[in-house]
Amino acid sequence: MKHKRMTLFAGHYGSGKTNIAVSYALWLKEQSDQDVCIVDLDIVNPYFRTKDSLKELTEAGIELIASPYANSNVDLPALPQEIYGAVNRRDRLAVLDIGGDDRGALALGRYTPAILEENDYEMLLVINCYRPLTRTPRETLEVLREIEAAGGIPFTALVNNSNLGDQTTAEDVLASLDYAKETARLTGLPIKMTTVHNRLYPLLQGRIEDLLPMELQAKYYA
Amino acid sequence: MAEKVLMKGNEALAEAAIQAGCRHYFGYPITPQTEVAAYMAKRMPKIGGIFLQAESEIAAINMVYGVAAAGKRVMTSSSSPGISLKAEGISYLAGADLPAFIVNVQRGGPGLGGIQPSQSDYFQATRGCGHGDYHVIVLAPSGVQEMADLTVKAFDLADEYRMPAMILADGTMGQMMEPVFMGNYTPKIVEKPWATTGTGLQRKHNIVNSLYLSPEVLERTNFERYERYKIIEEKETMYESFLMEDAEYCVAAFGIAARVSKNAVLAARAEGIKVGMIRPITLWPFPVKPFAEAADQVKAFVSVELSMGQMIEDVKLATGCKKPVTLCNRVGGMIPSPEQVLAHLRELAGGAK
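So the sequence lines, in the order shown, correspond to chains W and X.
The C-terminal residue of the first sequence carries number 953 in this note's numbering, and the numbering is unbroken.
The C-terminal residue of the second sequence carries number 358 in this note's numbering, and the numbering is unbroken.
Next comes chain W alone, as it looks inside the complex (with noise of 0.2 Å):
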């Protein structure tokens, strides 16, 4: 896989934009010899951070940008300074984690003309056709343009990552293959990747092109 300097997650809430983006940084560390940062541009929502990686992404070497109120009780929706650091230094890599729906991705806006600018992106739509609200091709496209209107960057690639949580089947990650290549077909984009849990990586590689594997951010108890 190809990687850009700068590279968005976006996508309905609940899509799994924070594991990807956390999971996506950690293999671009691997990859590259340049440094790489990760932006946490959520403002929706409070309970789920990327910041709840924050051990992982430290020990891995890289560089965390979060509102210092993430994971606070201060519900205040706070954009650090930091973040035109990221946008801007154009010498090391960057993970944008953007905020679910159209909603999370007003954030954007902001930093919308330096990207459009340096023009170095891949701006990523994160799918699955397991939640309620993207079941299918159609409703899918409507969140995308939705996203893209609120945000202003248009979509590069999509991220399949169809799942069903910690009840994933092999047989569930294939069935929504159709739907991630009707997807891609409606929308003329083309699919980046597939993301799986780690435990379905065995029984799914080489199956599936461009297939990454995750580790699910575990904070409540089952």
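The hints are simulated quantities; they were obtained by calculation from the structure and are not laboratory data.
Fair warning: this is a prediction, and the values are worked out from it, not measured in the lab.
Even for Gly, the Cβ is constructed at its ideal location relative to N, Cα and C.
Don't take every hint at face value.
Unchecked claim - Partial list, computed: chain X residues near chain W (C-beta under 8 Å):
| no. | residue |
| --- | --- |
| 1 | V10 |
| 2 | L11 |
| 3 | K13 |
| 4 | K47 |
| 5 | G54 |
| 6 | G116 |
| 7 | G119 |
| 8 | E183 |
| 9 | G203 |
| 10 | L206 |
| 11 | Q207 |
| 12 | H210 |
| 13 | I212 |
To be verified - Which bits of chain W does chain X cover? Going by a derived footprint, with three or more residues having C-beta under 8 Å, they are:
| no. | segment |
| --- | --- |
| 14 | 886-892 |
| 15 | 895-903 |
| 16 | 930-942 |
Unchecked claim - List time: in silico DSSO-like cross-link candidates among lysine-lysine, alpha-carbon distance up to 27 Å:
| no. | chain 1 | residue 1 | chain 2 | residue 2 |
| --- | --- | --- | --- | --- |
| 17 | X | K328 | X | K294 |
| 18 | W | K912 | X | K328 |
| 19 | X | K327 | X | K279 |
| 20 | W | K912 | X | K9 |
| 21 | W | K733 | W | K760 |
| 22 | X | K321 | X | K240 |
Please build the complex by placing chain X on the supplied structure of chain W, with the hints as guidance.
Just chain X, lined up with the frame of chain W:
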């Protein structure tokens, strides 16, 4: 949506409300229940329903009152501070004998508190919320599937008994994602001859009101309402009994605390400590009978709560204080860990066996 979908508890609840025939949602955003409103905002316009973000929680609950009086299924949702604001309206709903569905996805308190999960509105919910003598039916889900199933149940119970029904969830229940089955619901159709739907010049006006000018009539109305509550206590109490057959210790826990406790119960059993759990699914009516029976069987009870100890009072009442009831808790948005509950059980049993 017959097959499984991956949903947040808040979304599952919202979709289940739609499937239960609710086409009227009034609310005001507050973490951690905002997804209920967000889901309704997307779905209601597509199915001919009403989503309205009111100017305040107080306005929203009074809109609920209006739709309920017109005999339609209606709901509002909020989190702890917002429910306090709605309390007056809930009292009016109860006083006017109106069915309505109210959701509290609790967060830490008191005051503005915090946004993380809590169960510290137990007193508020089970004692009616607002002023006056009344109850609301309170259902406590312990997973995303139950967020959906109990929502449909709440609408049915509210209609059948002409009273508000509440889901008392917490931040984790609202935010956690699990696969759920949707779409096998057949909502109960309850006739509402009392609804203010226009007389058509065929009958006398229906009046929906909670003001009584005569104290004699108000007293009688209260007595009658409590007769109805007795029927609900007899017929509608729900709970889950887990490994209680040979239990020497009994955990009392609901919602997220019950999920945590289940792990602790299994771990304790692996160490030879015979523990079981009673999980109230209805918090009002409280499952008095299973606790009363357990009091003759077990050596002690542990109430596991995300509060300073609220349900523990109902456990003590239900068991007539026959056996010691201890508290194992975290508060302020923190969640007890299975290890904490296990350590408590070990201590109670006098160390691992």
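Hints violated by the structure (numbers, ascending): The structure conflicts with hints 5, 6, 9, 10, 11, 12, 13, 14, 16 and 18, although it agrees with all the remaining ones.
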